[in-house]
Each structure stands twice: as structure tokens, then as C-alpha cells.
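Required output: the full structure, derived from the provided sequences and hints.
Okay, here's what each chain looks like letter by letter:
Protein chains: 2
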Amino acid sequence: MSQTLSPLPALSPALADSPFLRACRREPNDVTPVWLMRQAGRYMQEYRDIRAKVSFLELCKSPELATEVTVYAQERLGVDAAILFADILLILEPIGFNLEFAKGEGPVIHNPVRESQDVDRVRAFDDKSTLGYVFDAVSSIRRALKPNIPLIGFAGAPFTLACYAIEGGGSRHYEKAKAFMYRDPGAWDVLMSRLVDATIVYLNAQAEAGAQCLQLFDSWVGTLGPDDYRQFVQPHMKRLIAGLHKGVPCIHFGTDTSTLLELQRDAGGDVIGLDWRVDFAQSWDRLGHDVAVQGNLDPVVLFAPEAEIRARARKVLDQAAGRPGHIFNLGHGILPQTPVDHVLALVDEVHSYRPAAR
Amino acid sequence: MSQTLSPLPALSPALADSPFLRACRREPNDVTPVWLMRQAGRYMQEYRDIRAKVSFLELCKSPELATEVTVYAQERLGVDAAILFADILLILEPIGFNLEFAKGEGPVIHNPVRESQDVDRVRAFDDKSTLGYVFDAVSSIRRALKPNIPLIGFAGAPFTLACYAIEGGGSRHYEKAKAFMYRDPGAWDVLMSRLVDATIVYLNAQAEAGAQCLQLFDSWVGTLGPDDYRQFVQPHMKRLIAGLHKGVPCIHFGTDTSTLLELQRDAGGDVIGLDWRVDFAQSWDRLGHDVAVQGNLDPVVLFAPEAEIRARARKVLDQAAGRPGHIFNLGHGILPQTPVDHVLALVDEVHSYRPAAR
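Protein sequence lines correspond, in order, to chains A and B.
Mapped onto my numbering, the consecutive letters of the first sequence carry residue numbers 1 to 358.
Mapped onto my numbering, the consecutive letters of the second sequence carry residue numbers 1 to 358.
Because the hints were derived from the structure by calculation, they are not lab data.
You may find that some hints are simply not true.
Here are the simulated EDC-like cross-link-like pairs (lysine to aspartate or glutamate), alpha carbons at most 16 Å apart as the crow flies [as the list claims (entries may be wrong)]:
no.	chain 1	residue 1	chain 2	residue 2
1	B	Lys315	A	Asp227
2	B	Lys61	B	Glu100
3	A	Lys315	B	Asp227
Here the structure is a predicted model, which is why all the values come from computation and not from measurement.
Have a look at this one:
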């Protein structure tokens, strides 16, 4: 699929020179920029107050409320970037999936792909207005954020989306998805290709609406070994990332990817996500320092006492050794029971600590 | 804790020369030995028939039924070893935990360790008769198995047991367990030490009752990064493994351990478990060939068509390249929906394929 890209909004000097975007470009910073996956989420009372009134999908589909929670979280925490409030599964609706967020049960897809021929049902994302609420939220958040705070748009990576589409919801072992992949690699490639096509349009439209950076969440890809990743995922990720606006940095994120890091880097992305299972310094060495990295504190560390949180944050920063191109983050999203005070302490420590260069 | 070891039963020549025990000792074999974690389990109709009559705990506590399912699975599959039918949590009962297997919900511990002082409640395993049913099952299975088929005893590794003891059951993020560990490393060490003491007694008694090999299941340890493993787990694993009968090979198993393999090897074990996320050949190179390895097929591959299962089994065998010291296994337990025919095809392929030496 070829696509004519629409123009991007001009990048203001205040945004271009923000610590976050400087880190994406591996330019030196006085302070390591930090943001946290799921920073607008259930651990915050203000978010729970809003969710007491509307469902999760209603919140996603209200640009006004999505703006409120996104901007509130960025300002409350004082982090260096905001991330669009949305869900990786929203893109599945316009391409033919019947999506529901059942209370307390997580997402359910009522018409999953199970047989090879089911792939024919997956439609093109050819009417962007079906996700108009996402692009409206992006524009609205961009207007509401301080002019020097970048906004991150995002999408699920095709492997993770394909797992949801085949499993019909969350999964522990992904046996339906992997069995599909092993049984009919041709149908798998068609499914992945359609997800890639849709995601390229979706992410570029987010950038055109006002996002300064795009993150791909391949949250589940760590269930694959390197050979499977190379065969079933990497070509699709390459095509996806190559199809994105060049001027917008791309964060390529996964968890449990210690055996996949080089393959992910080769697939593309300006910034590679690291989780807490890997040694930060060793992993950046493996990736090479011509790519930026994001991570890698264990979200569970935020349940430890404040002194321990600060010590562990310093350890990550020491491993980065002040090298340009580090965005501090957790290795995965903030957990719902996390104390807000602990998150504030973490952000304070990242902003105030100065690691010695190695 | 010092412990006087009771004598082991004499090892018959038929057992000593079995392909499985030869592989544990890294001696050459004509055929790669294979067994499968959870080989006696829910994927088998005969097992489900028995479970229709008794609960999971009743099955564990009946030496007669445990013998029946253990021996049946070994003979039905034609695998090279049997593994005791039991559960890693059984040891928690005599040391003070109130354990229940709630129908369809997995294990529940009604009195978990939550505060530091709760550790004082964890008792010594000083009355082996409380787990007499396990040792009776071992003796009974040993008598019922063919004389050339080794029997594997097992226990949960202390980290995985501690997670259960603190979380009170299964967990996704282990936030209670890790927060405990970060908050009070002293209390953590006491808890781990008590679990190690109990496990040494428990495993040695299994060997004395007739098990020819002992596997430690550290199924959840892959949630830790290398620094945490080194600090919070490795010293305990070292002491545990050093406390086991010398003549009985120990399999040190974990999942999601790609960043921990060298640390696990240094903690001990004659055989190190590999899961499917790692490249088999590279990982054995990392470990060094003075240790045996077990693995590493993805259990989900058993849902693929038979030809794909056989091809993927050959790939693992090719990576082992006929080098002495490989025990073929899955990277984790067989999943409940696995077709039995597919398991038979896998065992057949491992037994009939001859990889070219590298």
C-alpha cells in the first residue's frame, strides 16, 4: 500500500528543544527526561473520579475527557512528555472487530479471527473519521499542553494486535495466535499486513493532528524466540516503521525482549524500549549507541520505600552515565495500586540527580 | 542448618545406564532422551477421568493414584523419564501455610506472609511424616516403573515459593512479593532461608525414597533482573543445591531467564533449563558445555500441525548437534488443550532423528 503523507504541523522551537525530543535525537541534555507509561491511569484519584462517571471506552472516545486526564497527569507529575489517553485496541473497531471492555475483565473481541479465511474479514482503515475522536483528542491535548511539552501518540504493534484479534482478548500463553501463525504463515502474513497498513495510516494521522513522537507498543512480543520474531514479525515492523513520517521520532517498545533487542533495533525506531529484566548498560552496548533507549525501572519498584525508589532510579541513571539519548521510564506501565507520592519522588530523583560520566 | 543425610538406595545398572541419567552426566547417547513437564496432566483423557472423581489435592495425597497417573503417562508417551505427580506448593502446608486449590481458580494460601513479622510463623519442616504421602508415592512409583526408567522428584525453588507465600496465590506482577523483598531484605532472607531449609530436607527425602534426579522449579524467577537475582536469590539457591545428595543429578529450571542463565549456572545444578525465548545453541555456549541443558521447545508448538512440530523438534536437536548432555523437553509445562497425538509425534521425532554433529 502506498500512501501520500499529509503535511505535519510546524514544530515550534520550544518543542524542538525540549529535553524529551532532544533525547529522541540523541542530543545532550542537562537533565534526563522522564515520562511513565500509563501515567494517566487508575493509580490517580482524579482518574478514578472520572471513571466513576464514564466507562473506559467512553473516556477514550471523549476528546474532552481524554484531554483532561492526559494533561492533568503530565502537570501533576511534572514529567517531560504527555502521552495520548487511548487504547491500543481502538484501531480494531474500524477494521472490523467488535470490541468491548467488559467490566473487570479487560477487553473482549466478540468476533476473533480463528480460521485462515477469517482474515478476509479484516478491512482497510480507509475512513479516518471512524477514529476521528482520537485525532480530535490529539489536537485538543496539543492545544492544552504547555508549549514546551511534547505529546506522544501511539499504537499497538501488529504482533500484539494480532494476538488480541486471534485470542479474542487477553491471554497467558497465546496458544491460539501462535498456532495460527505456525499453521498458516500465509494467512498470518495477510493479517499482519492489514494491521500494518491500518497502523501506518493511524499513526501518521496522529502525527498530523499534533503528536510529536509515536510509540509502538509490542507488549506481548516477548513470548517469541528470536527465530520466530525474525520470520513472523520483523518484516512487518520494518515496513510499518518505514511508512511513518520521517520527522517524527518513533519509540519501539516491547517487554520481555532480552533475546530480541538487536532484531527490534534492525526493524527500526529512533528509541528502543528496555524492560527491567535486562542490564541497562549491557543492553545499550548491544544495541549500539547510535540508537536512543527508554527505560528501564521495574514498575514494582514504585511499591518500595521512597529511599529505595530513589536509589534504584540513580542506579539506572548511573548506567546511562549521562550519555545522550536516554529517556527515563518504567519497563512497563504503572500498576493500579501505585502510591502517587512514590511516582512524584521518582520524577524528582530523575530530575535532580546528576550521574557521573563513565 | 546442618543435616545428616540418610543413605540413598543403590542405583541399578539399568538406571545408571539410562539415556536420561547419561545425559545428566553429559555422557554420549545414541538417542536424545526426552520427557515433558506436566506429562501427566489435564491434556490426557485418562487423567481427566481420575480428576472427575477426586480433587487435585486428593490426587496429590493418594500415593496409589499419583503412581497411576505418573506411570501411565511415562508408558503412554514412551518418554525416557517419569516425574513424580505432586505440586510445588505441598511443602507449604507442613511449614505453616493454609493451602487450598479452589476449583478453577488455582492455588489459594489463606494466611500469606504480608508483614515482616509474619515470617516468624514459617515453621521448620521437622516432621517428614507430614509429607509422608509424597515419599510413599515416590517409593510406589519407583516400584511400578520399568527398571530402566528414572524417576524425577521435584520441588519449587525458594523464590517461586516465596512469591506464592507472599502473594497468597498466582500473580501477574508479583508486586507484593517484590515490595516485601525491597522493603525488608532481612525478613526476605529469613523467609528464603526457611524455605531453603525445608526444601533441602524435602528433596533429599525424595531421593532417599527412590527418585534418581531432582528438579527445582523456579518458574517465576524470570520476573527479576540480574542484579536482583544476584542479591535476593542466588545465595539461597547456592545453599539449597549444595545441600542436596551429591549422587543425584539436579535440574535447575526456570522460565524467562535469558538474562539470568550464567547466574543460575553459578548457583548450581547439573542441568540448566532453557525456555523457547532463547537461542538454544547460543545459550549452551553462554553456559559452557561443562553443564547439561534441558529444553527448549515452546509448549505452544504442540498446537501446530504434526509436520511443523517435527520440523521444530529437529531444529532444537540440530542446535544441540548431538553434543552429550542434552535432555529434550518443552520450555515449560504441556498446556491443557494439547492434542495427545501431537505429543506422541514429538516423542517419536526426538527418538528417531539423528542430528549431524556440528
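Going down the list of hints, with the structure as the test:
Restraint check: the Cα-Cα separation between lysine 315/B and aspartate 227/A comes to about 11 Å, which is no more than 16 Å; the hinted pair holds. With a C-alpha separation of about 13 Å, the suggested pairing of lysine 61/B with glutamate 100/B holds against the 16 Å cut-off. With a C-alpha separation of about 11 Å, the suggested pairing of lysine 315/A with aspartate 227/B holds against the 16 Å cut-off.
Of the numbered hints given earlier, the model fails none.
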